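Please build the complete structure, drawing on both the sequences and the hints.
Note that the protein sequences, when read in sequence, are chains A and B.
Using this note's numbering, the first residue of the first sequence is number 355, and each one after it goes up by one.
Using this note's numbering, the first residue of the second sequence is number 10, and each one after it goes up by one.
Because the hints were derived from the structure by calculation, they are not lab data.
Certain hints may be false.
[Unchecked claim] Listed below are several chain A residues computed to face chain B (Cβ distance under 8 Å; list not exhaustive):
#, residue
1, Ser446
2, Ser529
3, Gly540
4, Val541
5, Val547
6, Cys583
7, Leu586
8, Gly593
Keep in mind that this is a model prediction, so the values were computed, not measured.
We put the CB at the ideal spot given by N, CA and C, even for glycine.
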Amino acid sequence: MVAIDPTLLTNILLIGLSGTLICLAVHFIPVGGAPAAMAQATGIGTGTVELAAGSGLVGLITASYMYAYEPLASIPLVMAAGAMGSMVMLASTMFAGGLIYAYGVAVPFASAQVKKDPITGDRQDTYISKGTQGQGLPTICFVSGIVGAALGGIGGALIYYVLVGIYGQLISATSAAAVAGVFTLGVFYVNAVVPSYGVGGTIEGVHDPKFKRVVGKDIFTSFFVSILCGLLAVLIAGGISP
Amino acid sequence: MSDVKERSPNQLLLIGIIGGLIGIYLTYILPAISMRISGNSVIMQNVSGLLNVIAPTFGALGGICAVLWGADAVRRVAKYGLGTGVPSIGQIAMGMGIIAAMFGLAIVKTIVLAGPIVALVTASILGFIVGWFAQNVIKMKIPVMIRCMTEIAASGTIIIIGFSAAVAGNFEFANIVTLVFDNGVMLAVFWVGAVAMLHPFNACLGPDEKQKRLLYLAGSTGAITMAIIGIAAIMTLGASGVLTLVLGIVLWIIFYKKFWDEVYHDASSVVGTGLIPKTEA
Numbered sequence: 355m356v357a358i359d360p361t362l363l364t365n366i367l368l369i370g371l372s373g374t375l376i377c378l379a380v381h382f383i384p385v386g387g388a389p390a391a392m393a394q395a396t397g398i399g400t401g402t403v404e405l406a407a408g409s410g411l412v413g414l415i416t417a418s419y420m421y422a423y424e425p426l427a428s429i430p431l432v433m434a435a436g437a438m439g440s441m442v443m444l445a446s447t448m449f450a451g452g453l454i455y456a457y458g459v460a461v462p463f464a465s466a467q468v469k470k471d472p473i474t475g476d477r478q479d480t481y482i483s484k485g486t487q488g489q490g491l492p493t494i495c496f497v498s499g500i501v502g503a504a505l506g507g508i509g510g511a512l513i514y515y516v517l518v519g520i521y522g523q524l525i526s527a528t529s530a531a532a533v534a535g536v537f538t539l540g541v542f543y544v545n546a547v548v549p550s551y552g553v554g555g556t557i558e559g560v561h562d563p564k565f566k567r568v569v570g571k572d573i574f575t576s577f578f579v580s581i582l583c584g585l586l587a588v589l590i591a592g593g594i595s596p
Numbered sequence: 010m011s012d013v014k015e016r017s018p019n020q021l022l023l024i025g026i027i028g029g030l031i032g033i034y035l036t037y038i039l040p041a042i043s044m045r046i047s048g049n050s051v052i053m054q055n056v057s058g059l060l061n062v063i064a065p066t067f068g069a070l071g072g073i074c075a076v077l078w079g080a081d082a083v084r085r086v087a088k089y090g091l092g093t094g095v096p097s098i099g100q101i102a103m104g105m106g107i108i109a110a111m112f113g114l115a116i117v118k119t120i121v122l123a124g125p126i127v128a129l130v131t132a133s134i135l136g137f138i139v140g141w142f143a144q145n146v147i148k149m150k151i152p153v154m155i156r157c158m159t160e161i162a163a164s165g166t167i168i169i170i171g172f173s174a175a176v177a178g179n180f181e182f183a184n185i186v187t188l189v190f191d192n193g194v195m196l197a198v199f200w201v202g203a204v205a206m207l208h209p210f211n212a213c214l215g216p217d218e219k220q221k222r223l224l225y226l227a228g229s230t231g232a233i234t235m236a237i238i239g240i241a242a243i244m245t246l247g248a249s250g251v252l253t254l255v256l257g258i259v260l261w262i263i264f265y266k267k268f269w270d271e272v273y274h275d276a277s278s279v280v281g282t283g284l285i286p287k288t289e290a
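Structure below.
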């Protein structure tokens, strides 16, 4: 059995924290689901899990690249690399989606949840088509999405950094990266799906009233589940023979 | 639901757990038997060689049993409408499954035989906790949530261990790390396994959904996963991979034909509409 020492507890806590960050990230990303795919709701027209995982996994790739090719990389540097990767991925997704909404579907970007865009101050409600929940990606959604992607990328990079640190001492660098990467993938999916159940599939971003309503209980759930995952991850190290 | 006779959840649970575990353990036991019987006679040597070749294929067959179980569990919970689409539950299943599988196989160290059971128990606990939180903290108000989440996580872990064993030859963690993790085959197991589990209900859902049709489709997605895993196994194991690939394709054709027949049977009529006319009327 593994002896309990402060490093171990820190590692478990860090994994729990990063899982919580991923959960929080999902709430920031403007997910429209199927209605948005038909331009009948604000947000990107796909599911929470797909968006969070898509941007988070790109963050994982950039973070692992930083970790592998910069031997002196510290935690902040790896986390920044993860955040950048996720932000670039989600920004390009939202930009491409926005082009299609504006020039393909031809809808004005408007949010149904707020009367005025909190950032630009533009009026929203007059631009909403009848019978819809808003369309496209207004400025606040875009900004909120970028913030969310950064949080998700940081979370993914942090788990990876912690796990590679643990497994790297026991098995070869390639195996450690593979095992840590796959484990991160697992934690990422659990923490992307749990909050997506909380928000009920769609959320516009930080300005959505739903955000305040659900973020507390989702984060509580995610923190607990991620701590459990962290415990399992640390115990795996006890079973790996060098 | 209706007067159509359905397989009960417990029946499928038994198929998934027992079928899955038998398949997984055969990948370990058959080579052990072949080691025991490989004597001097030529026939015995041939038999033991044959056992070594067919052993990994059983892992994939066990995986198919778990796919059937998982697909039905997804069906029971997703029927209530999750609000996030069916794919999300397949992905959380694999997320929990892979964590539990890695934990279970690694933690047992030298007692290799206990690995799959420990993984199964861990997955059930993890699934139960996530299900409990979804039901009581997030308040999803789905009565079967806790039970189905437990089943889904458990079947996810059997799918992962089964198909990994088919690629790695057995389920020793060190062996799986070199043959499944290092070369990235694990990602194929993860994604294709998740789709095998979530696709049947995602494709069949609706007012006219029937369990029999869904289970045949689950069999076919499981078999096509087996075929893909067979391609990976050719890379790692050679002859066993060919067997897995061929058997996977054969099973896929059989199950898909059954599914096809069910679709024709359930449809009121099947008519050809012809091509879209060139000029609009």
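Just to be careful: measuring from the Cβ of A/Ser529 to every Cβ in chain B, is the smallest value less than 8 Å? 5 Å, holds
Interface hint compliance - A/Cys583 to chain B, C-beta minimum distance less than 8 Å: Holds. Min distance 6 Å.
Have a go at the A/Gly593 hint: is there a Cβ in chain B nearer than 8 Å to its own Cβ? 4 Å, holds
Given a cut of 8 Å on the nearest C-beta pair, is the interface hint for A/Gly540 held or broken against chain B? This interface hint holds because 4 Å falls under the 8 Å limit.
With a cut-off of 8 Å, does the beta carbon of A/Val547 approach a beta carbon of chain B closely enough for the hint to hold? 4 Å, holds
Hinted contact A/Leu586 with chain B - closest CB pair below 8 Å: This interface hint holds because 4 Å falls under the 8 Å limit.
Given hint A/Ser446 near chain B, where the shortest CB pair must fall under 8 Å: Violated. Min distance 22 Å.
Tell me if A/Val541 is really an interface residue toward chain B, meaning its C-beta lies closer than 8 Å to one of theirs. Holds, because the Cβ-Cβ distance from A/Val541 to chain B comes to roughly 7 Å (cut-off 8 Å).
Going through the hint list in order, the structure does not satisfy hint 1, though it satisfies all others.
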